[in-house]
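Position chain B relative to chain A; hints supplied.
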Amino acid sequence: MKTSWQWMAAFAALTIAACTSGNPNSKAVVLLLDTSGTYTTELGHAQRIVNYLLGTLEAGDSFAVARINSESFTEKNIIVHATFDSRPSTTNAQKRTVLDTTQQFIEATAKGSAYTDITGGVLQALEYVREANAAQKIVLLFSDLQEDLQKRQIREFPIDFNGVRVIAVNVTKLRSDNIDPRDFQERQDYWKQRVISGGGQWQVINDLERLQSALL
Amino acid sequence: MTTGDLIMIWADNRALSIFIWLVLIITILYFARPAAHGVIRSFARLLRNNARLAARSLYQLEERAKQRNRAVVLGDGRDITERNIEREFHRVSTIVGRDLAGFPALERQLRQQITCIEEDYRDAIEIPPMPPEWHTAVEAVAKIPPNGDPGYVRVLSEINRVFKKSSENALNEFRSAATDRHNTLLRMIPFWRGVDSALERVEKKIESLEERSKTIDKQFATYLQIVAQTDRAERLLSTSAVTQFFISGLVMVIAVLGAFINFQLIALPMSEMVGGNSYLFFSKGFALKTADIAALVIISVELAMGLFFMEALGITRLFPVIRGMDDKLRRRMLWVTLSILFTLACVESALAYMRDLLAADRAALAQQLSGLEVVTPAFRWIPSVGQMVLGFILPFALVFVAIPLESFIHSSRSVFGASYEASLRLMIFVVRVFGNMAAQLGFILTHIYDAIIFVPLRIEQMLSNRRSGRQYADTEEVPVIVAERIPLVASEIIPEVKPSTKSATKSRRAVVDSQPSEVAYNFEAAGELKK
Numbered sequence: 000m001k002t003s004w005q006w007m008a009a010f011a012a013l014t015i016a017a018c019t020s021g022n023p024n025s026k027a028v029v030l031l032l033d034t035s036g037t038y039t040t041e042l043g044h045a046q047r048i049v050n051y052l053l054g055t056l057e058a059g060d061s062f063a064v065a066r067i068n069s070e071s072f073t074e075k076n077i078i079v080h081a082t083f084d085s086r087p088s089t090t091n092a093q094k095r096t097v098l099d100t101t102q103q104f105i106e107a108t109a110k111g112s113a114y115t116d117i118t119g120g121v122l123q124a125l126e127y128v129r130e131a132n133a134a135q136k137i138v139l140l141f142s143d144l145q146e147d148l149q150k151r152q153i154r155e156f157p158i159d160f161n162g163v164r165v166i167a168v169n170v171t172k173l174r175s176d177n178i179d180p181r182d183f184q185e186r187q188d189y190w191k192q193r194v195i196s197g198g199g200q201w202q203v204i205n206d207l208e209r210l211q212s213a214l215l
Numbered sequence: 000m001t002t003g004d005l006i007m008i009w010a011d012n013r014a015l016s017i018f019i020w021l022v023l024i025i026t027i028l029y030f031a032r033p034a035a036h037g038v039i040r041s042f043a044r045l046l047r048n049n050a051r052l053a054a055r056s057l058y059q060l061e062e063r064a065k066q067r068n069r070a071v072v073l074g075d076g077r078d079i080t081e082r083n084i085e086r087e088f089h090r091v092s093t094i095v096g097r098d099l100a101g102f103p104a105l106e107r108q109l110r111q112q113i114t115c116i117e118e119d120y121r122d123a124i125e126i127p128p129m130p131p132e133w134h135t136a137v138e139a140v141a142k143i144p145p146n147g148d149p150g151y152v153r154v155l156s157e158i159n160r161v162f163k164k165s166s167e168n169a170l171n172e173f174r175s176a177a178t179d180r181h182n183t184l185l186r187m188i189p190f191w192r193g194v195d196s197a198l199e200r201v202e203k204k205i206e207s208l209e210e211r212s213k214t215i216d217k218q219f220a221t222y223l224q225i226v227a228q229t230d231r232a233e234r235l236l237s238t239s240a241v242t243q244f245f246i247s248g249l250v251m252v253i254a255v256l257g258a259f260i261n262f263q264l265i266a267l268p269m270s271e272m273v274g275g276n277s278y279l280f281f282s283k284g285f286a287l288k289t290a291d292i293a294a295l296v297i298i299s300v301e302l303a304m305g306l307f308f309m310e311a312l313g314i315t316r317l318f319p320v321i322r323g324m325d326d327k328l329r330r331r332m333l334w335v336t337l338s339i340l341f342t343l344a345c346v347e348s349a350l351a352y353m354r355d356l357l358a359a360d361r362a363a364l365a366q367q368l369s370g371l372e373v374v375t376p377a378f379r380w381i382p383s384v385g386q387m388v389l390g391f392i393l394p395f396a397l398v399f400v401a402i403p404l405e406s407f408i409h410s411s412r413s414v415f416g417a418s419y420e421a422s423l424r425l426m427i428f429v430v431r432v433f434g435n436m437a438a439q440l441g442f443i444l445t446h447i448y449d450a451i452i453f454v455p456l457r458i459e460q461m462l463s464n465r466r467s468g469r470q471y472a473d474t475e476e477v478p479v480i481v482a483e484r485i486p487l488v489a490s491e492i493i494p495e496v497k498p499s500t501k502s503a504t505k506s507r508r509a510v511v512d513s514q515p516s517e518v519a520y521n522f523e524a525a526g527e528l529k530k
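Protein sequence lines correspond, in order, to chains A and B.
For what it's worth, numbering that gives the first Met the number 0 labels the leading residue of the first sequence as 0, then goes sequentially.
For what it's worth, numbering that gives the first Met the number 0 labels the leading residue of the second sequence as 0, then goes sequentially.
With a straight-line cut-off of 20 Å between C-alpha atoms, the simulated EDC-like cross-links for lysine to aspartate or glutamate are: (1) B:Lys288 - A:Asp84; (2) B:Lys288 - A:Glu57; (3) B:Lys142 - B:Glu167.
These are calculated hints, taken from the structure and not from any lab test.
Keep in mind it's a predicted model, so treat the numbers as computed, not measured.
The following block holds chain A by itself, in its conformation from the complex:
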């Protein structure tokens, strides 16, 4: 009798386990912060984005903040990352840690990097969001999209963006854009073409208020 009960309990547990799974709408978000040249002055806006993201992300979501500098394709560039715990109390603690770390980074970054390896940063971000195995993979590109590579760096190759949304945020205009505004459009078109041809989705959001609807 006892054995039959144990079998029944095991069967029920297996049935439930077979049906249960993680959040079907889980998100993996990487915020790439451009720390090159004069763009460092824009990092204050990045803090708002981080705060907003921390407010919307839920248990089970993954979030990372990484910087774009001269050599971005490295794990060292990831400032902070977290996969939020299933328990709300732990999630809140993790969010506080991410918030503090990002604040410290932004306050500490006064001097910009010499080069801007956006592609390296994007590759690193893609690697992270794919590892997270979330339903929605989002890369937020907080940059002016002006790539400035070192001579030895090879970045001109197709990138697989399949299943990833790339959202360029706060794409500011350079001084040279004022002379020829087509440069600004060309930069955006270049990245757009690169993302779409790689199978991803491209979006530009300069008004941070609209970020909420974009992330839904």
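This is chain B only, laid out in the frame that chain A set:
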């Protein structure tokens, strides 16, 4: 070939071609008239007969539903009345057991009181001794005026003195006896009062028993009506069931709202226990949070325990197994369910407190993320305590859902049965209307058909008139009926059938129930035409 080409097949002139087509079609229709009328009639009859059959089947179904509803309503009513009578008898038994058990003592007390009263009464009626009989003679002697002889005067004076003294003594004795009697009567008052109050108590108890017996009489009268399956009893019970249905439904809605509040209290903290990002998939695109399901399970268990608790108490009668248990086992079950409920209430209270902590933490984080200084509000403890108390009380409050639930289940059987019956009745009406409409449509179609071919019909009528006129001239007889030769629509469709008195007195339902037959159809059709 297009339609235009087809029209122009006879001539180049469109009007002429159309005319030729019309003549051709009308001629064909004229010759096909008897067959076409037959088809239309048959089709109309088919529809009508099928509608009648459907109505008959539905009527039988309605009858069965009615019988079933009647049985359900009367069964429920009998059950409730039996319970009421049983409860009244139980009350009477309690009264008898509680009050009449003290009757021997009361009787003894009354007897003692009455004995005391009797003794006192006997004491009270004892008359003090009156002055002796010679007293009158002595009084007369004592009143003789003293005149002359001193010895005689002295004797008289002595007699007078003795007499006065004797009278005084008698008076004193009488007063003393009266005082004693008054005292005795005074002593009787508490006994009287005691008897009075004892009798009042008896009267009250008897009155209470009398009231109960009246209630039992009423209940029993209702029970007899239910057993006799009278229409009045059924009507009363149906009305009562509808009222019960709505009242218990309202209470159930309130209970659902209470359960929702309960769910809100424990759903968030449950994610702290079972995880916030675990989902249970029921189908593609439909998933529920495991924490929400866990909260629902807790509430469901509380409701189930509440049902068992009420059942074990004997308030509800939803589970015959529990009702059939012996008292000892049922009492044990009562305590087990109460213990589980208490434990769950404690768990809910703790979860409610945790919810408050989590909500506060989330609010603090939100303030921090929006760049504001984190401020702890004053009187933070009030909502915490409130939530804890609510979390503790709600499980016990939900226990009482069992009562309206039972009423709802019982009354819903009657109400849904009545709705089913009404819907069947409506369907019967619709089907009958459809059948009648189909029959009427047959008439209309034959009329339309004849209207289309009115030209050849008219010619035929004229020819037959002429022929009959010639015949009249030859035989000098009045022509019989034109309609016999030039068939009118009505005489063609409706063969003359004498309506029998039996069928004329049939009710509408009886017509529906009767087997579809040509005679009945034609009879009704004739009636319609007369109208």
